[in-house]
Amino acid sequence: MYDIIYIGGGLNYAGAVTAAKNGLKVALVEESLSQLGGVCLHKGCIPSKMFLHFANTIRTSHESIFKGTVSLDMSALIKKKNKLILAATKAITNQCKNVDLIEGKGIITAPHTIKIGKKEFKGKHIVIGTGSFPYIPEGIAYNGNDIITSDEVLTMQTFPKEIAIYGSGAIGLEMASFFASNGIHVTLISRHKGYLKNAHPLIQSAMEQELKKLNITHLPNQPIEKAKSTSRGLHVTFEDGSSKYFEKLLVATGRSANIDCIDTNLIKTEQSIQTNEHFETSLCGHYAIGDCNGKLQLAHAARVQTLYVTHKILGKKPNMVNLDHVVKFIHTLPMSYATVGKNRAMLEQENISFKESIVPLSHFTASAFHNATNGSMIVYTDDQKFILGAEILAPNAEEHIAPVAMALAGEMDTPLAQKTIMAHPTFSEALERAYFHL
Numbered sequence: 075m076y077d078i079i080y081i082g083g084g085l086n087y088a089g090a091v092t093a094a095k096n097g098l099k100v101a102l103v104e105e106s107l108s109q110l111g112g113v114c115l116h117k118g119c120i121p122s123k124m125f126l127h128f129a130n131t132i133r134t135s136h137e138s139i140f141k142g143t144v145s146l147d148m149s150a151l152i153k154k155k156n157k158l159i160l161a162a163t164k165a166i167t168n169q170c171k172n173v174d175l176i177e178g179k180g181i182i183t184a185p186h187t188i189k190i191g192k193k194e195f196k197g198k199h200i201v202i203g204t205g206s207f208p209y210i211p212e213g214i215a216y217n218g219n220d221i222i223t224s225d226e227v228l229t230m231q232t233f234p235k236e237i238a239i240y241g242s243g244a245i246g247l248e249m250a251s252f253f254a255s256n257g258i259h260v261t262l263i264s265r266h267k268g269y270l271k272n273a274h275p276l277i278q279s280a281m282e283q284e285l286k287k288l289n290i291t292h293l294p295n296q297p298i299e300k301a302k303s304t305s306r307g308l309h310v311t312f313e314d315g316s317s318k319y320f321e322k323l324l325v326a327t328g329r330s331a332n333i334d335c336i337d338t339n340l341i342k343t344e345q346s347i348q349t350n351e352h353f354e355t356s357l358c359g360h361y362a363i364g365d366c367n368g369k370l371q372l373a374h375a376a377r378v379q380t381l382y383v384t385h386k387i388l389g390k391k392p393n394m395v396n397l398d399h400v401v402k403f404i405h406t407l408p409m410s411y412a413t414v415g416k417n418r419a420m421l422e423q424e425n426i427s428f429k430e431s432i433v434p435l436s437h438f439t440a441s442a443f444h445n446a447t448n449g450s451m452i453v454y455t456d457d458q459k460f461i462l463g464a465e466i467l468a469p470n471a472e473e474h475i476a477p478v479a480m481a482l483a484g485e486m487d488t489p490l491a492q493k494t495i496m497a498h499p500t501f502s503e504a505l506e507r508a509y510f511h512l
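For reference, each letter of the sequence shown is one residue, going 75 to 512 in our numbering.
If you're looking for bench data, these hints aren't it; they were derived computationally from the structure. Since no wrong hints were added, every one of them can be taken at face value.
Only pairs whose alpha carbons sit at most 25 Å apart, straight line, appear in this in silico DMTMM-like list of lysine to aspartate or glutamate:
hint, residue 1, residue 2
1, K95, E354
2, K386, E351
3, K318, D220
4, K189, D334
5, K459, D487
6, K302, E226
7, K171, E194
8, K386, D174
9, K198, D337
10, K267, E299
11, K300, E313
12, K171, E105
13, K164, E177
14, K342, D77
15, K95, D174
16, K99, E354
17, K155, E472
18, K235, E282
19, K154, E472
20, K198, D174
21, K287, D147
With the hints as extra help, turn the sequences into a complete structure.
Dropping the structure here:
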């Protein structure tokens with residue numbers, strides 16, 4: 075009998091390590107221990123951001139002040155990526171020294187009972203963190219060769235001459251930036267009209283302009299009905315009856331929750347594992363964190379959820395997790411989009427009275443050599459001048475949004491925020507100015 079069994083070795087490992095350090099008997103079940111650290115480390119945010127980091131150098135090298143040409147050696151990048159991930163996996167494994175690591179697919183068959191192959195394990199508490207997998211729409215014949223997901227991009231040894239990307243969410247936009255920055259012709263196919271449909275209209279327009287600068291061809295309102303490999307090449311048929319041939323199709327239409335670890339009707343599932351505000355399932359003592367609960371598919375959200383659940387089991391009465399206060403971002407080039415708290419779309423939908431402050435980055439000289447003249451910082455407050463949230467389009471927006479996340483956690487109002495003196499010359503000055511306009 076374990077005190078806690080964690081199923082899934084992604085960010086769930088953070089909870090397992092914490093529980094073990096506090097003296098509990100803990101097991102962590104992972105289908106493949108070589109994948110300890112989860113999708114983020116092995117097939118998601120770590121390698122993708124690494125790829126974008128080096129792609130930005132290629133993008134910058136195209137500017138007229140540079141002579142000659144530079145290209146990215148994909149095979150060398152893959153080796154560098156693999157070495158980094160191997161080291162990180164080893165470090166995580168070392169952190170789990172007081173955790174029983176069990177390799178295999180864990181299935182919950184009854185309350186407090188997990189079956190792995192023919193063996194059964196018991197746990198007073200069970201924390202499910204089985205993550206998600208790429209969603210492939212019906213009609214698309216995924217083969218891992220010319221119809222791929224981001225998983226295959228992160229092992230790609232050579233570049234295609236051109237690529238189509240289906241989906242304009244976080245994965246689609248990031249991958250479009252990566253390929254286009256490396257000089258690969260990108261056709262971005264989306265089911266909707268524009269980009270970042272829930273972002274401020276000013277940022278939506280700016281993102282469209284930025285992607286045009288990268289020479290990305292956009293096919294809006296073009297849902298794919300069928301895609302398959304043929305003797306003439308990859309054939310894509312759209313819902314309107316038109317069709318095109320492409321060299322490769324990257325499917326980036328979102329991710330689906332892994333819920334096949336549930337083999338009992340005592341835990342309710344729909345498209346994901348259903349949980350309450352404490353991330354507890356319909357079965358007492360059984361929790362689901364991260365992508366598999368369908369609340370927010372972000373690694374840092376999974377981490378804070380597993381730590382909350384673990385501290386709750388330990389009786390430490392942790393603060394409730396406000397998922398609105400989790401930073402969300404899309405790492406495009408040359409600027410990223412980041413948001414935290416309430417944005418304009420949310421405030422209007424919830425009929426909340428608000429004031430917004432918009433500061434264009436073009437007001438700052440540094441924007442000229444950072445390719446950020448289309449960028450902006452937008453901060454929202456309520457009638458009492460308390461900060462409600464922000465949206466940022468800027469180089470490294472995910473870093474610039476951090477002070478706003480802290481302001482939300484500290485329930486800060488603008489008179490207090492205005493006491494902050496930001497460094498010059500930085501884009502954080504735009505945030506300082508946004509506070510003074512409220």
